[in-house]
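Colleague: Sequence:
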Amino acid sequence: LQRGSEQTLVTRLWLRMSWQDDFLQWNPEKHGGIETLALPVKKVWTPDIFLYNNVHGDAGGLLKVADVVVDSDGNVTWLQPGIFRSACDMDVSLFPFDEQTCELHFGSWVHPTSRINITPGKVDTSEYQENEQFMLAKSEIHGEVCCFVSSYIT
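Counted from 1, the sequence shown has number 68 at position 68 by this note's numbering; the numbering is strictly sequential.
Fair warning: there could be bad hints in the mix.
Listed next, the in silico DSSO-like pairs over lysine-lysine satisfying Cα-Cα at most 30 Å (straight line) [unchecked claim]: (1) K42 / K30; (2) K30 / K138; (3) K43 / K30; (4) K122 / K30; (5) K43 / K64; (6) K138 / K43; (7) K122 / K42; (8) K42 / K64; (9) K122 / K138.
Just the calculated beta-carbon pair ranges, DEER-fashion [said to hold, decoys possible]: (10) T119 / F95: 35 to 41 Å; (11) I116 / T36: 33 to 39 Å; (12) A38 / D124: 31 to 37 Å.
Think of the hints as simulated: they come from the structure by calculation, not from any bench.
It should be emphasised that the depicted structure is a prediction, and the values quoted were computed from it without experimental measurement.
Beta carbons: idealized from backbone N, C-alpha and C, even for Gly.
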C-alpha cells in the first residue's frame, strides 16, 4: 500500500484464465500424438480482462508476456502475470494497528456477460511474499455482475 493522498494498492499477482476455443481443436493421432501446445499470446484470442478500478495509465496491469497452453480438445489456459494498481480508500490513523480492505474489480472491457462468463476460482497465496509494513489477513474472490448493464458504449 502506498500512503498519502494517492491511496493505491499495488499488487503483483498471476491471473489464471481458461476458455474453450473450438477453432483450436485437433486430433492428436493425426498429429504425432501431440496433445498440448504452447503458443505465443499474440497469436491466439485472449479475453480482454481489465482491472476496472485501475489508477494507472496502463492496460489494467496485464503484462501479456506468457504463452497460452492449448489442449487438443480446444481448452486454452493462460497463466498471466500482472502488476495492478488499484484505488483503495485507507484510514491509517491507527497505524500500525489498522485494518484495510482493498478490492480488485476485474472484468471484460468490451464483451458483455452474455459473451464472457467469468467464474471465480480459488486464491492461491502459497507464493505470497510478506511485507514489512502490512500483513495479508484474508483474501477472497466473489463473482458478481457489476459496473455496466452492457459493456458496449455508443
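Colleague: Does each hint hold? Answer for all of them.
Modeller: Status of each hint after checking the structure:
The suggested pairing of K42 with K30 holds, with an alpha-carbon distance near 26 Å, which does not exceed 30 Å. The straight-line distance between the Cα atoms of K30 and K138 is roughly 48 Å, outside the 30 Å bound, and the hint therefore fails. Under the criterion of a C-alpha separation no larger than 30 Å, the hint pairing K43 with K30 is consistent with the structure, at around 22 Å. Taking the CA atoms of K122 and K30, the gap is about 36 Å. The hint is violated against a cut of 30 Å.
Only pairs whose Cα atoms come within 30 Å are accepted, and K43 paired with K64 is accepted, the gap being roughly 12 Å. Distance hint between K138 and K43 is unfulfilled; the C-alpha atoms sit about 37 Å from each other, more than 30 Å. Restraint check for K122 and K42: satisfied, since their Cα atoms lie roughly 27 Å apart, inside the 30 Å limit. Proximity of K42 to K64 is assessed by CA-CA distance (about 8 Å); at most 30 Å being required, the pair is judged to hold.
For the hint pairing K122 with K138, the CA-to-CA distance comes to about 12 Å; that is within 30 Å, so the pair holds. In this structure, T119 and F95 meet the distance hint of 35 to 41 Å, their C-beta atoms being roughly 37 Å apart. Separated by about 24 Å at the C-beta atoms, I116 and T36 break the suggested range of 33 to 39 Å. A38 and D124 have their C-beta atoms about 21 Å apart, which leaves the hinted 31 to 37 Å range violated.
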